[in-house]
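Protein chains: 2
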Amino acid sequence: MGELGEFALIARVIARLESGPDVVLGPGDDAAVVAASDGRVVATTDVLVDGRHFRRDWSTAYDVGRRAAAANLADIAAMGARATALLIGLGCPADLELAWADGLADGLRDEAALCNASVVGGDVVRSDVLTIAVTALGDLNGRAPVTRAGAQPGDIVGVAGRLGWAAAGLRLLQSGVSDGQLPDALRRPAPPYALGPVLAEAGATAMVDVSDGLAADLGHIAEASGVRIDLGLKALRTLGADGVTDDDLLTGGDDHALAFTIAGDATLPDGCIQVGTVSEGSRVHADGEQITGGHEHFGASD
Amino acid sequence: MGELGEFALIARVIARLESGPDVVLGPGDDAAVVAASDGRVVATTDVLVDGRHFRRDWSTAYDVGRRAAAANLADIAAMGARATALLIGLGCPADLELAWADGLADGLRDEAALCNASVVGGDVVRSDVLTIAVTALGDLNGRAPVTRAGAQPGDIVGVAGRLGWAAAGLRLLQSGVSDGQLPDALRRPAPPYALGPVLAEAGATAMVDVSDGLAADLGHIAEASGVRIDLGLKALRTLGADGVTDDDLLTGGDDHALAFTIAGDATLPDGCIQVGTVSEGSRVHADGEQITGGHEHFGASD
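Chains as they are written, first to last, in the working numbering: chain A, 1 to 302; chain B, 1 to 302.
In case anyone wonders, no lab produced these hints; they're calculated from the structure.
Cβ coordinates follow ideal geometry from the N, Cα and C atoms, glycine included.
Among the clues, some could well be false.
Stated by the list, open to error - A few chain A residues that don't get close to chain B, going by computed Cβ distances all over 12 Å:
| no. | residue |
| --- | --- |
| 1 | Asp-22 |
| 2 | Thr-245 |
| 3 | Ser-279 |
To be verified - Pair by pair, the computed Cβ-Cβ distance ranges are:
| no. | chain 1 | residue 1 | chain 2 | residue 2 | range |
| --- | --- | --- | --- | --- | --- |
| 4 | B | Ser-178 | A | Pro-21 | 45 to 55 Å |
| 5 | B | Arg-143 | A | Gly-281 | 47 to 57 Å |
| 6 | B | Asp-57 | A | Ala-8 | 23 to 33 Å |
| 7 | A | Ser-37 | B | Glu-289 | 43 to 53 Å |
| 8 | B | Arg-283 | A | Ala-113 | 29 to 39 Å |
| 9 | B | Ala-144 | A | Ala-113 | 26 to 36 Å |
| 10 | B | Glu-289 | A | Ser-178 | 33 to 43 Å |
| 11 | B | Ser-279 | A | Arg-16 | 31 to 41 Å |
Starting from the given sequences, assemble the full structure and let the hints guide the process.
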């Protein structure tokens with residue numbers, strides 16, 4: 001992108017985008033305007049750094065875009081909301097190929113489209129380290145946000161989505177195996193976005209996006225809600241795959257499943273399975289043993 | 001920050017923040033929830049990179065935070081909106097001092113407080129290049145957004161805020177002069193946030209935040225509105241200061257003044273002065289001569 005200035009690159013990226021139903025004013029002005037139907041907006045932000053959160057030799061630009069969008073869209077779903085918009089901050093090395101930026105924009109656009117959301121704004125600057133900052137906005141449509149603090153003794157614990165796939169995929173990629181469903185799962189997570197609002201309507205009492213590993217993320221619910229969570233490995237294994245270990249299921253991140261608690265007599269929506277129970281006490285246990293351990297993005301220490 | 005993990009650093013930063021009146025759900029969950037009173041939210045994002053958009057040997061962490069927030073809060077004001085919330089993505093080198101992160105958080109918080117806005121969320125990751133991505137949200141309170149496309153022949157052009165101060169301050173800092181009002185203006189811009197909504201109420205037909213230089217930013221209005229803009233240097237000079245050249249007034253960025261067009265018979269709000277006129281035609285002219293030239297952040301080419 002050395003030969004192209006910031007304005008030209010922004011214009012080029014904007015030309016690849018499409019505006020969905022929630023966009024009141026799209027890209028190109030000082031700021032965008034997005035619908036927030038019930039007078040509130042849900043907002044979250046994530047930063048991805050080349051070599052730490054993605055690797056250009058492992059993933060195409062398109063897949064990096066899909067994955068960067070997914071991480072944020074899943075956070076919106078985990079509040080029980082539907083995503084409406086993304087804003088993208090891009091730090092570009094001077095030697096980044098234009099085709100790479102195009103692919104990234106296409107990936108961001110296409111992942112957002114899964115939620116009917118649009119890329120509405122962004123900023124492109126020069127940086128020695130390729131950096132992608134994504135902000136997602138969402139709409140609760142009148143519902144209360146589903147926080148981490150509402151789990152109650154007597155609730156059950158459910159999960160929707162993949163567990164451990166990305167962690168197992170990372171191990172394969174690190175050992176030189178780049179093809180197959182597990183490496184693909186790391187490159188392109190498949191969060192169950194639509195189930196976020198469905199679970200909120202169904203009465204989920206607490207919900208998180210599994211980005212740092214199931215044990216760590218349910219640990220946030222256990223701590224914020226003041227409860228004990230017991231998981232059963234047999235049920236968890238149904239969310240894994242060939243090559244996914246029990247440790248991957250419990251501590252692998254980056255699949256962006258939704259983990260939630262809900263009243264014990266609730267009927268789980270299609271696509272969700274029960275994996276545990278909530279009781280008085282503290283911390284997360286699997287088959288009776290207290291578990292710890294979190295997630296390391298690509299083996300880095302952040 | 002090497003000895004502190006991501007969660008610990010986020011918790012430390014959150015502890016320094018305060019939640020204002022628009023925060024429905026503050027930091028600490030998968031996403032925040034912010035009021036959007038009229039069913040729409042204004043959103044913008046900017047990325048600042050160490051050595052390009054700020055220099056740690058020229059500015060304190062606190063001032064970098066003030067300036068990073070200001071750049072985004074001014075974009076919200078330029079739509080005619082009041083800022084409600086900031087989200088911060090921070091890429092931190094391992095050797096960044098904790099006191100620096102604390103200072104940054106304090107600066108972001110205090111600049112946001114000038115708009116009654118709050119830092120509601122963020123992400124902290126490891127990066128070899130200190131990078132600050134800021135997203136600002138805002139509320140139009142029922143008004144139409146003031147875009148770049150509404151200027152009409154017969155309108156006048158007005159400016160609120162400083163012009164050329166930061167550019168002159170940059171020149172002084174580059175020559176080794178670090179004290180004085182001009183270097184301070186680069187370190188800490190003072191956008192006239194409150195005038196954004198006031199100008200929208202007063203009937204501003206187009207408005208921009210002057211971040212890339214007055215000529216370039218009014219050029220966006222001239223192009224989007226299909227009009228010619230004529231500026232008078234005599235009036236512009238009243239917004240400069242000792243040491244600010246005519247070129248600084250026209251092409252200096254980073255002061256984040258508000259530039260706007262409004263009907264010729266409008267009464268300008270206090271704090272605004274008329275600097276030009278709008279007519280049929282194209283491009284921006286000063287004292288009759290067409291001007292070009294934009295802004296270089298710290299001499300970099302982005």
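Holds or violated: 26 to 36 Å for the Cβ distance of B:Ala-144 and A:Ala-113? holds, 28 Å
Cβ-Cβ distance between B:Arg-283 and A:Ala-113: within 29 to 39 Å? holds, 38 Å
Given as non-interface: A:Asp-22, which should sit over 12 Å from chain B by C-beta: With a cut-off of 12 Å, A:Asp-22 comes too close to chain B, as the shortest Cβ separation is near 10 Å.
Are all C-beta atoms of chain B more than 12 Å from that of A:Thr-245? Per Cβ check, A:Thr-245 is outside 12 Å of chain B; nearest 24 Å; holds.
Tell me if the beta carbons of B:Ser-279 and A:Arg-16 are separated by a distance inside 31 to 41 Å. Holds - the Cβ-Cβ distance for B:Ser-279 and A:Arg-16, about 35 Å, lies within 31 to 41 Å.
Is it true that B:Asp-57 and A:Ala-8 lie within 23 to 33 Å of each other by Cβ? holds, 32 Å
Do B:Arg-143 and A:Gly-281 keep their Cβ atoms within the hinted range of 47 to 57 Å? holds, 52 Å
Given a hint of 45 to 55 Å, does the C-beta separation of B:Ser-178 and A:Pro-21 actually sit inside it? holds, 51 Å
Checking the smallest CB distance to chain B, is A:Ser-279 really beyond 12 Å? holds, 23 Å
In this structure, is the beta-carbon distance linking B:Glu-289 and A:Ser-178 contained in 33 to 43 Å? Between B:Glu-289 and A:Ser-178, where Cβ atoms are some 59 Å apart, the hint is violated.
Please check whether A:Ser-37 and B:Glu-289 have a Cβ separation lying inside 43 to 53 Å. Given about 49 Å between the Cβ atoms, the range holds.
Taken one by one, the earlier hints fail for this structure at numbers 1 and 10, listed in ascending order.
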